[in-house]
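We have chain W already, so just place chain G on it with the hints.
Chains as they are written, first to last, in the working numbering: chain W, 1 to 297; chain G, 1 to 297.
Be aware that a few hints might be false.
Cβ-Cβ distance ranges computed for the label pairs, FRET-style [said to hold, decoys possible]: (1) G:Ser74 <-> W:His275: 48 to 58 Å; (2) G:Gly254 <-> W:Thr2: 41 to 51 Å; (3) G:His275 <-> W:Ser190: 42 to 52 Å; (4) G:Glu32 <-> W:Glu193: 56 to 66 Å; (5) W:Asp181 <-> G:Glu193: 34 to 44 Å; (6) W:Gly246 <-> G:His275: 20 to 30 Å; (7) W:Ile78 <-> G:Asp15: 46 to 56 Å; (8) W:Lys158 <-> G:Ser253: 22 to 32 Å; (9) W:Pro276 <-> G:Gly26: 24 to 34 Å; (10) W:Leu224 <-> G:Ile189: 47 to 57 Å.
The following residues of chain G were derived to be distant from chain W, with all beta-carbon distances above 12 Å [said to hold, decoys possible]: (11) Asp162; (12) Arg169; (13) Met264.
Think about it this way: if two alpha-carbon atoms lie no more than 27 Å apart in a straight line, the pair counts; the simulated DSS-like pairs of lysine-lysine are [as the list claims (entries may be wrong)]: (14) W:Lys291 <-> W:Lys147; (15) W:Lys158 <-> G:Lys248; (16) G:Lys271 <-> W:Lys217; (17) G:Lys271 <-> G:Lys184; (18) G:Lys248 <-> W:Lys31.
The hints are simulated quantities; they were obtained by calculation from the structure and are not laboratory data.
Glycine included, C-beta positions come from ideal geometry on N, C-alpha and C.
Protein chains: 2
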Amino acid sequence: MTRESIAEAFRKLQDHICDRLVNVDGREEFKEDIWKRKAGGGGRTRVFENGAVIEKGGVNFSEVFGEVTEAMKSNTEITAEDFFATGISVVLHPNNPHIPIIHMNVRYFELSDGKYWFGGGIDLTPHYVVKEQAVAFHHELKEVCDKYNTSFYPEFKKWADDYFYLSHRDETRGIGGIFFDHLKEDGNISKEELLDFCLDLGRTFPELYAFQVEKGKGKAFNELDLEWMNIRRSRYVEFNLVHDRGTKFGLVSGGRTESILMSMPPTAIWKYDFHPENNPKASESLNLLVKGIDWIS
Amino acid sequence: MTRESIAEAFRKLQDHICDRLVNVDGREEFKEDIWKRKAGGGGRTRVFENGAVIEKGGVNFSEVFGEVTEAMKSNTEITAEDFFATGISVVLHPNNPHIPIIHMNVRYFELSDGKYWFGGGIDLTPHYVVKEQAVAFHHELKEVCDKYNTSFYPEFKKWADDYFYLSHRDETRGIGGIFFDHLKEDGNISKEELLDFCLDLGRTFPELYAFQVEKGKGKAFNELDLEWMNIRRSRYVEFNLVHDRGTKFGLVSGGRTESILMSMPPTAIWKYDFHPENNPKASESLNLLVKGIDWIS
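Extracted from the complex, chain W is given alone in its bound form (with noise of 0.2 Å):
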């Protein structure tokens, strides 16, 4: 299995999921970016904005390589001369507070003294919790994780707990999901079967977003939950700027910057010391924003 081959298997990955995201919003095209990266590779980004569904969002394929720089060498504990890196990512804003913000990311990096390593995750963000559908995207997580390694579910859903949380507020970015990273081959996994995980959870990113699509969409919202939405939208932005290591990495490494920041919603506002005194059931979303929330017993 060679590094291009990777690579051509998360490029046909980001049309799947594409093809698959254009049939669940219903009126949604994108609009995709080739772009070269001066010192190595590119990547090819696809973008949707103001669809039936999907506000804005984007589903980034990249391939890059070349020398590893010295802002990589004093992020990261890396000591080799060359990288390659390739990866899908996705984040989507809906335009409907009863459907959650998601996001998606697999990622594969070599490096020229021989290591290798998987990275990756998916996590909901959803405006309002409803237990229903975070115990069911839960549940096809750990599906799709327990193909490949029963230990996996429970360890790479802690991770994400501790990942996606914004310790500046303390409170997770939504209902988490799963999250790992340096998962390399090992007795029990080879190399070819942990690229089939990723694979196998990319494809299960649409299908997985299909449902929550699906049990939002007709649901009817006013100005609360608007404000609601760009409220939860700007502790997005914050998760991202703040807290995300792939884009401050991205960033502070000469990274695309549009195709970085694909991520922010199209909109957020800020209030000083905001709380949904008016909106119950935005408190009660609230409260579920914390680590530690068993979805799955």
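Leaving out everything else, chain G in the frame of chain W:
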């Protein structure tokens, strides 16, 4: 001059600035939150929302002290055991795109090993750059600086160009101003004079802003102007959350989140790969968001 007397001078400066801003706005009153820091000290946060001119803003005073935390040690070169820090910081977001966003900060830091320093700055972020107003702003800053040391303005103006810079977009936050840090007494200037310089800057701040407000507040604006204002606001968010040292340090070291993020704009928008092609004044302004413009001669 004790550290308590410096804090007291900053507290009085906060009073003065708030009084003047109420006057500049014409309608605005502010909300006050007194807060305590568990590990030592506290602050007085004053928040402006939905004024006649100021849509959202704040004037923060804080005086905090205690043990130097691990987070502080890993983010700075501090090796002392205890610290004391006091300062004022102001950010104002106006409701009219023809009035600039403005920021001011003065601060004093002292360590138990005897080291101390002053820092601070003022910078202006016009949504639309009006050259005459930018020139006036820089002239006034130079005038204050020159009273203390004629090397201050050129040095601190360059520092501001370098500091208030979004490397990931290769654009400055606005038209700059002055920025300084680690100022200590030396053969040319005493500690008392450094405090006077900070206080002088602080008192100049509302007068500088009054001029900018006066120039802009009568001007009409339309949807295109509001779109551009919201784009500039999103860049302000990006600067503060990705690049601003004070914000990042405050958030990771357990500062009071609502006081730190009082700098966030009331609203912001992100559009993929936005270029203000249908707004020539916006394009012209963007061309002036570069380092190294000499606004004085």
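Results of checking the hints against the structure:
1. G:Ser74 <-> W:His275: 48 to 58 Å: At roughly 33 Å between Cβ atoms, W:His275 and G:Ser74 fall outside 48 to 58 Å, so the hint is violated.
2. G:Gly254 <-> W:Thr2: 41 to 51 Å: holds (47 Å)
3. G:His275 <-> W:Ser190: 42 to 52 Å: Given about 47 Å between the Cβ atoms, the range holds.
4. G:Glu32 <-> W:Glu193: 56 to 66 Å: Once the Cβ atoms are compared, 60 Å apart, the range 56 to 66 Å for W:Glu193 and G:Glu32 holds.
5. W:Asp181 <-> G:Glu193: 34 to 44 Å: violated (52 Å)
6. W:Gly246 <-> G:His275: 20 to 30 Å: holds (26 Å)
7. W:Ile78 <-> G:Asp15: 46 to 56 Å: holds (52 Å)
8. W:Lys158 <-> G:Ser253: 22 to 32 Å: holds (25 Å)
9. W:Pro276 <-> G:Gly26: 24 to 34 Å: holds (31 Å)
10. W:Leu224 <-> G:Ile189: 47 to 57 Å: At roughly 55 Å between Cβ atoms, G:Ile189 and W:Leu224 fall inside 47 to 57 Å, so the hint holds.
11. Asp162: holds (15 Å)
12. Arg169: Label violated. Min Cβ-Cβ 6 Å, cutoff 12 Å.
13. Met264: With a cut-off of 12 Å, G:Met264 comes too close to chain W, as the shortest Cβ separation is near 4 Å.
14. W:Lys291 <-> W:Lys147: holds (25 Å)
15. W:Lys158 <-> G:Lys248: holds (25 Å)
16. G:Lys271 <-> W:Lys217: Distance of about 23 Å is within 27 Å: holds.
17. G:Lys271 <-> G:Lys184: violated (44 Å)
18. G:Lys248 <-> W:Lys31: violated (34 Å)
Hint compliance for this structure: hints 1, 5, 12, 13, 17, 18 are not met, and every other hint is.
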